[in-house]
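**Student:** In case you want the letters, here they are:
There are 4 protein chains.
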Amino acid sequence: MKQPLCGIVPPLVTPLRDNETLDVKSLERLINHLIDGGVHGLFILGTTGEEQSLSYSMRQQMIRETCRINAGRLPVLVCITDTSLVESIRLADVAAECGADALVSAPPYYFATGQPELAQFYEELVPQLPLPVFLYNMPSHVKVSFAPSTVARLAKMPQVVGLKDSSANAVYFQSVMYAVREMGRDDFSMLCGPEEITGECVLMGAQGGVNGGANMFPELYVAMYDAAVKGDIARMRHLQHYIMQISSSIYSIGQHGSSYLKGLKCACSLLGVIDDDFVASPFYKFNQPERDKVQKALDALPIKNGKLEI
Amino acid sequence: MKQPLCGIVPPLVTPLRDNETLDVKSLERLINHLIDGGVHGLFILGTTGEEQSLSYSMRQQMIRETCRINAGRLPVLVCITDTSLVESIRLADVAAECGADALVSAPPYYFATGQPELAQFYEELVPQLPLPVFLYNMPSHVKVSFAPSTVARLAKMPQVVGLKDSSANAVYFQSVMYAVREMGRDDFSMLCGPEEITGECVLMGAQGGVNGGANMFPELYVAMYDAAVKGDIARMRHLQHYIMQISSSIYSIGQHGSSYLKGLKCACSLLGVIDDDFVASPFYKFNQPERDKVQKALDALPIKNGKLEI
Amino acid sequence: MKQPLCGIVPPLVTPLRDNETLDVKSLERLINHLIDGGVHGLFILGTTGEEQSLSYSMRQQMIRETCRINAGRLPVLVCITDTSLVESIRLADVAAECGADALVSAPPYYFATGQPELAQFYEELVPQLPLPVFLYNMPSHVKVSFAPSTVARLAKMPQVVGLKDSSANAVYFQSVMYAVREMGRDDFSMLCGPEEITGECVLMGAQGGVNGGANMFPELYVAMYDAAVKGDIARMRHLQHYIMQISSSIYSIGQHGSSYLKGLKCACSLLGVIDDDFVASPFYKFNQPERDKVQKALDALPIKNGKLEI
Amino acid sequence: MKQPLCGIVPPLVTPLRDNETLDVKSLERLINHLIDGGVHGLFILGTTGEEQSLSYSMRQQMIRETCRINAGRLPVLVCITDTSLVESIRLADVAAECGADALVSAPPYYFATGQPELAQFYEELVPQLPLPVFLYNMPSHVKVSFAPSTVARLAKMPQVVGLKDSSANAVYFQSVMYAVREMGRDDFSMLCGPEEITGECVLMGAQGGVNGGANMFPELYVAMYDAAVKGDIARMRHLQHYIMQISSSIYSIGQHGSSYLKGLKCACSLLGVIDDDFVASPFYKFNQPERDKVQKALDALPIKNGKLEI
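Which chain is which? The protein sequence lines are A, B, C and D, in order. According to our numbering, the stretch in the first sequence is residues 1 to 310, in order. According to our numbering, the stretch in the second sequence is residues 1 to 310, in order. According to our numbering, the stretch in the third sequence is residues 1 to 310, in order. According to our numbering, the stretch in the fourth sequence is residues 1 to 310, in order.
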């Protein structure tokens, strides 16, 4: 994997038949769809990938199958977030054995840690891991944020090669980026989670985005990345309109925090990227009325042959 | 297990040598110490037991060893809280095979669920479990509370036999107790987590407490329970003083949320109830200065032959 | 005012005709209703009294009228919570001039302060106030809690004579009570906000309750206080049933945090204690469907001649 | 005032001698400093202006003096955020009388409102106001956010002419901007609070920034605005470095949420823009050790004759 990692690295949805059955055929279709769409890496078992809802054997299967299907075409990043250090390492070892390129880790998410405890935890974990590591900032789900000073402390370990930030807090993103740049870590990759702001982050110096919408329309987010790299602002604003249209329609059906995940999987299924949009417990896929709304949201987009005409 | 379950059911600390080694000898000493102290049940793998920090194989070992050592003397409750429904069921099956009496489950704690999703999750999970189930309310760690109306909805399943509330919100506790009583569920056990308020909760009609301090001084919390059952208020206030002294000294060293766990394990170790006070990642046991403070806090208590003179 | 202040000190609703008109006749009826019901003090301009929603001239009018109507029959406590120290002092001076007995102050609630800043603020404010002061813990509204150690620090000022805690966190309540008792402040009054737990708090040593429900049924909360003081547990449980019935019906209509206030004012109006149940902006009184539900909740209570038969 | 309002509209610090004395001479110097620095408007009594900590008479004085000193050179925006609708209107009337151009209002901040209550509140307030209104999103201080759908509902009133967002949540900012654009409100001004992200927001279509740092160095933030408008990305990145340097040094001294305010006022005082850096209660200005750190942070910047050489 070249460092810093640059571009659009979609967090893959995990195609499921039920809580215990991975839909490998859909996974194959999804991965090829992404690669055809021009993405720059594959990120599995993240929040969008429902890692925490999957059994450990399925997490391992997902790693194995992804690496097999990818067959070295793109860097594969595997999320190993866990509340147990031992299980984190176990998953990391599987990832290395299967040929993955890097690991991603959010803080343990049952107990909330103070910043010194958090730093100490990673200083213990990272050296036991067989691959480069991206930190994963996800305060809404894990209750704690990596303070910029904690990122700087952890970035002293060369094995820590980037941060994926899903906080949506753009001031935080700028602060971490500034702190890491001040250290001279030019190989450190700042990746933006929310697709709604990836364009502007890349323009200000970030390396790329981990955008869930790319499961549906990889070409859209890749185009935004390219426009931002080129500084083509008119093009960025044009693309941003579609990105916001998707965000405000497909991800905003229903009233719970799970709207994003349900909407995304449902749309992938309607687009034929995956078969079933089964969502693992504790969530449930949309019923028909919500499914109809997603279809309507898709119909409002200029899709031709499964691709956005942008 | 008689229903409703009544009395003091301590959440056992998990004696560890390191992240991967259970200290079975200390566990044996701890269990006998608790039974000698008069407690009414054993609750393992809860928050105090660091379930989420332990590997799955150690969780299983902890179940097996506890059931073996207990040898049917007391009801054994096993916490199966997990983000994955499949892993929860797997752990429940181990508990049943080993002869445990009941299960305890807090909501999935990575994704935050809305109340309808939460209810639906338990309506899917509970029928797949081989033993009676206590709901476990722990909003500070899992980000979501069982609304009183959700408890009432779930209490329609006879297999749901109680609620352990660790919220410290006494209005919430009263609200759930009222809702369940209104349903006529006299076999439903309301257990109070925080030892600082177990006395008053029992006095108002709760069945008992899941009090971490009982790992150190089981006789104190059993005495409080007995006094509350008898309505001996003078005795309650006398005992409450010691309970608050412990809470405000032993659990309040250090500045992070982990103070309770570190202080409790350290005190157990100093009292000889367990050997090492190793705390699993992402936490770390106290260093010597904090350990000295715990010792000083213990010295201020009227301990004779390892027991509180109360 | 005798110290410590003991008993039920209801937080008076503020009877309004509109945002700018105090309904003085209803206020007179309310105060007489409360005194007839046996309460031990009057607490005005608290959260239940909508202080923050009222203009300053109306706050002053409310102080003046309450002191005039009360005519020395009961201690009058005036809430002076404000974001501006200068305005707080101004209101306190009015209270003193009108003959009020004590002040109540929650932390400034726009900027959130750290604990040292909070302590320093009160060390500056209190000496400038003309009357004894109760601290008012209300974290859900003011975003910051008085840490037990901060209460202890402030309780070194003899002018600080009590704490009203509306957190519903009973562990917090016990911790503060323990901290203050350890200082030997036997004249310090611990008052419990939520009526659902006032009984148990008094039983464990608290001095009383600031219970909103007393606006409707002062006799119920006074009876609970008396039972708790006597240690009559059977009576407490009997009364607690009604208290919870009120809480779970009248205060639980609608889905926003304002349900308590709207339900309480609506019930007071239906019971004839006040005329209109106008709620000051940013809230609005219940519409007819919700009003019908409150009436139904009242009908389910054993009311005779406007009093609960308990 | 031209609509939409565009550019840098600094939130003025309020120069104080003590809690009750406005430093009018410093205010005059500050306003001239800002106008010389090229800013596009003046925003007074915001969070940076400590509105909530000031007495009402001082708020009125601040409005009067600002309008007098400004003498029509720039649009003046006056924040009227209050918990009392009546007091909000009163302040708005003063602003209109003094010749201010627009009002700014954050939600009432003692009671937290639900979205329908919030919308209803503004639908009641706005028609009673004598000037155009900017909504002010400040969830960390007022506990509630204007949902994008609520902004869209309120933007149906032509008198609502913009939104200032201080949430730092860039996804939120994009969502509101998209919702308002979809309505065809081209005269609606989207202003970004945090200076760390104003550049990227303007580039994506926002109208400007309400940047506190402009009190010190107006020319820096104006230059960033100009660069963003021109799409000069190299220049933006160059300027962003200084903006982040200021943010990570001057605003990050001390451990409480007040660091920003204390650091900013201290720096203004050291730069001679204002005399004293007195901070109104409940806060306190920096002591000498912190003041030295601010001086050091200033020394690290390329300042010449009180201006940044950029």
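Fair warning: there could be bad hints in the mix.
Just so you know, same-sequence chains aren't split out, so a pair can sit in one copy or run between any two.
As the list claims (entries may be wrong) - Listed below are the simulated DSS-like cross-link pairs for lysine-lysine, each with C-alpha atoms no more than 30 Å apart in a straight line:
hint, residue 1, residue 2
1, K156, K25
2, K156, K296
3, K304, K156
4, K293, K304
5, K285, K143
Hints in this document: simulated from the structure, not taken from any laboratory. The structure presented is a predicted model; accordingly, all values stated were derived computationally and were not measured.
**Student:** Would you mind marking each hint as holding or not holding in the structure?
**Tutor:** For each hint, the structure was consulted:
For the homomeric pair K156 and K25, neither the shortest alpha-carbon distance inside one copy (41 Å) nor that between copies (41 Å) is at most 30 Å. Only between protomers do K156 and K296 lie at most 30 Å apart by alpha-carbon distance; the minimum there is 25 Å, versus 49 Å within a single protomer. In the homo-oligomer, the alpha carbons of K304 and K156 never lie at most 30 Å apart, since the shortest distance is 47 Å inside one protomer and 35 Å across protomers. Taking the shortest Cα distances, K293 and K304 sit within 30 Å of each other inside one copy (19 Å), while across copies they are farther apart (54 Å).
Taking the shortest alpha-carbon separations for K285 and K143, both the intra-copy value of 26 Å and the inter-copy value of 22 Å come in at or below 30 Å.
Of the numbered hints given earlier, the model fails hints 1 and 3; all others are met.
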